[in-house]
Amino acid sequence: MSSTPVTGKGSARQGGARAGRPHAAWVLPGVLFFTFFAVAPMALAVYLSFTKWNGLGDPQPVGLDNWRRLLSDDRLIQSLTITVLLTVVSWAFQTVVSLLLGVWAAGRQRNRAILSAIFFVPFLLSSTAIALLFYALLDPNFGIIRQDTLGSTKGAFLAIVFVGGWQFIPFHTLIYQGGARQIPEVLYQAAAIDGAGRYRQFFSITLPQLRNTATTSSVLMIVGSLTYFETVLILTQGGPGTDTAILPYLMYEAGFKSYDFGYASAIATFLVVAATALSLLLVRLTGFGSMRSTREGM
Amino acid sequence: MSHDTLPRPVKAAEPDRPAAPARRRRHWTRRANPLAGLGSLIWLAIVIIPIYAMISASLTSQDQALGHNALKPPTHPTLDNYNTVLHNGFGHFLWNTVLVAAAVVALVLVLCVPLAYVAVRTRTFWSGAAFRLFLLGIAIPAQAVVVPLYLMIAKLNLYDSLLAVILPTAAFAMPVSVLILTGTLRDISEELYEAMALDGASPTRMLFQLVIPMTKGGISTVVVYSALQAWNGFLFPLIFTQSDGPRVLTLGLFNYVSQFGVNIPALLASVVLSGIPIFAVYLVARRSLVGGLMGVGGK
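Quick note, the sequences are listed as chains A and B, same order.
Residue 69 in full-length UniProt numbering sits at position 69 of the first sequence, and the numbers go up by one each step.
Residue 200 in full-length UniProt numbering sits at position 200 of the second sequence, and the numbers go up by one each step.
Simulated from the structure, these hints should not be mistaken for laboratory data.
Yeah, the Cβ is synthetic: ideal placement off N, Cα and C, and Gly gets one too.
Some hints here could point you the wrong way.
[As the list claims (entries may be wrong)] Computed cross-link-like contacts, SDA-like style, restricted to lysine to any residue with a CA-CA straight-line distance of at most 20 Å:
#, chain 1, residue 1, chain 2, residue 2
1, A, Lys52, A, Ser258
2, A, Lys154, A, Ser258
3, B, Lys216, B, Pro175
4, B, Lys216, B, Gly183
5, B, Lys155, A, Leu80
6, B, Lys155, A, Thr35
7, A, Lys257, B, Asp160
8, B, Lys216, B, Leu185
9, B, Lys155, A, Val39
10, A, Lys257, A, Phe142
11, B, Lys155, A, Tyr259
12, B, Lys155, A, Pro61
13, A, Lys52, B, Leu151
14, B, Lys155, A, Val46
15, A, Lys52, B, Met152
16, A, Lys52, A, Asp73
17, B, Lys155, A, Asp260
18, B, Lys72, A, Phe142
19, B, Lys155, A, Ala43
20, A, Lys257, A, Pro240
21, A, Lys154, A, Leu80
22, A, Lys257, B, Val257
23, B, Lys155, A, Tyr47
24, B, Lys216, B, Glu190
25, B, Lys216, B, Ser288
26, B, Lys155, A, Leu44
27, B, Lys72, B, Leu44
28, A, Lys257, B, Ser258
29, A, Lys154, A, Phe93
30, B, Lys155, A, Gly57
31, A, Lys257, B, Leu44
32, A, Lys257, A, Leu233
33, B, Lys155, A, Pro240
34, B, Lys216, B, Gly291
35, A, Lys52, B, Ala154
36, B, Lys216, B, Asp187
[Stated by the list, open to error] Chain A residues, not near chain B, derived (Cβ > 10 Å throughout):
#, residue
37, Gly30
38, Gln60
39, Val62
40, Gly63
Using the sequences and the hints, build the whole thing.
Structure follows, in structure tokens:
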């Protein structure tokens, strides 16, 4: 009775409960890889935030210096304000447009299908390409608008919001379109029998039914607004002055322009804490974690 | 979006009322809505005008572009700008990007598929902990780790190589990929595993003969998602590479800004060229691309 066939039969005999359960060690390559390239660097960022390092030689411990400097830095407050403002305004702009376009595109008319295919095109360009496109189109000597849009605080801010929307609305429209198509038709039929009109149906059926979709989309938008880094770097370089220097840009400047990696790490750590707190808050507020069903009571 | 991209909802509603006439279904999905139609036309203009201005300007020679109204078609269209871009390393950058995208997709699949399989099937403390690690990992912004990663990559002697871009890009594509894959894997029924177990199949055989074939939808979503992450990646190449050798497309475009200076038509030509490969994929495989992306948000 040697081992191989017996174990084979043994696992089969134990039946369904243990069928196809791979050893937990299978997760190791993925976990180790992710830990090495994402989790460990985060821990390292915390460590570096207590050091002084210009990129050459070894980091020198300096205690709380970077943190004291960061918390008394006027630019941090300014940067935080801009980051939050940019996130909120972008979220509102993108949600309203994507929701309306997505619900509209969920209809199955031929013209809607064609327009949806065109609406998706901006998403095919990289953020770099899109930032460059608007950098060119907003050039006062060349572009469509013959004004120094990016030279004014308001103009630069609105340009970043618009460019972000131009790029990401196609994707979120797609999410809302998928969500709207999953709303059971019977709900609308019932509402129609009760005499509810189009707008009443939109507010009483479509919107509540899209709750989970809206949460997914909003989380992606808010976490994604941190990646406006490219847009800021190419369009405004944080300007005019430091008026559009969002947190990631502030960190980039401290690290890769002033070679003050310790200070940059303090900003990075602050960014992680802020991003995590924000995600947790969102999950709490929206009940995303519990994933309540929208089919309740049906 | 074509009718058959997401056929389920309509089909699901049909069995309840098989005799319902087509008219019944019209009232929401087929009824015209003039106000929404107008809104969609406005958005169409917002989408089309910049693209049109870009293509038109990229066909204008540099000396004519200055002071030329970007909305008017070029009077003497020329391909010179495209020539300039192609002679400034565009092909090389494109090739690097293709290499990075292929390597990232391969790495993500090899690492994430077994991981998702264990997370769904093997309910031990450690597999649960691994899954939560990736759930939390979604909140790590890439910007937050570039400084320490820069230090690590320098120490590993990977600075200024394609690997320096590939490895972290793959790691940061993993959390969402794991989520998508576990979502799809949960739909494989217990009976199928049991049937294969009766045949004496090992977990490895089940991975290849059951799990992978049954999660094709999730896998294609992950391929689309991670390929796009690699294709659009800017921060890692910006910080971890320097020379022309390992320069990827996004960084190549960024460098054209200083290289071409005021030659905005050439800059726009490079933007157009950078969009063509993905646009070609979109034309050929729109359904799976769009379906794949819908999967990112939809699950």
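These are the hints, each one checked on the structure:
no. : hint                  : verdict
1   : Lys52(A) / Ser258(A)  : holds, 12 Å
2   : Lys154(A) / Ser258(A) : violated, 27 Å
3   : Lys216(B) / Pro175(B) : holds, 18 Å
4   : Lys216(B) / Gly183(B) : holds, 12 Å
5   : Lys155(B) / Leu80(A)  : violated, 33 Å
6   : Lys155(B) / Thr35(A)  : holds, 17 Å
7   : Lys257(A) / Asp160(B) : holds, 18 Å
8   : Lys216(B) / Leu185(B) : holds, 10 Å
9   : Lys155(B) / Val39(A)  : holds, 17 Å
10  : Lys257(A) / Phe142(A) : violated, 29 Å
11  : Lys155(B) / Tyr259(A) : holds, 17 Å
12  : Lys155(B) / Pro61(A)  : holds, 19 Å
13  : Lys52(A) / Leu151(B)  : holds, 13 Å
14  : Lys155(B) / Val46(A)  : holds, 18 Å
15  : Lys52(A) / Met152(B)  : holds, 16 Å
16  : Lys52(A) / Asp73(A)   : holds, 17 Å
17  : Lys155(B) / Asp260(A) : holds, 18 Å
18  : Lys72(B) / Phe142(A)  : holds, 12 Å
19  : Lys155(B) / Ala43(A)  : holds, 17 Å
20  : Lys257(A) / Pro240(A) : holds, 17 Å
21  : Lys154(A) / Leu80(A)  : holds, 17 Å
22  : Lys257(A) / Val257(B) : holds, 18 Å
23  : Lys155(B) / Tyr47(A)  : holds, 17 Å
24  : Lys216(B) / Glu190(B) : holds, 18 Å
25  : Lys216(B) / Ser288(B) : holds, 11 Å
26  : Lys155(B) / Leu44(A)  : holds, 14 Å
27  : Lys72(B) / Leu44(B)   : holds, 18 Å
28  : Lys257(A) / Ser258(B) : holds, 17 Å
29  : Lys154(A) / Phe93(A)  : holds, 16 Å
30  : Lys155(B) / Gly57(A)  : holds, 11 Å
31  : Lys257(A) / Leu44(B)  : violated, 40 Å
32  : Lys257(A) / Leu233(A) : holds, 12 Å
33  : Lys155(B) / Pro240(A) : violated, 37 Å
34  : Lys216(B) / Gly291(B) : holds, 12 Å
35  : Lys52(A) / Ala154(B)  : holds, 17 Å
36  : Lys216(B) / Asp187(B) : holds, 12 Å
37  : Gly30                 : violated, 4 Å
38  : Gln60                 : holds, 14 Å
39  : Val62                 : holds, 15 Å
40  : Gly63                 : holds, 18 Å
Hint compliance for this structure: hints 2, 5, 10, 31, 33, 37 are not met, and every other hint is.
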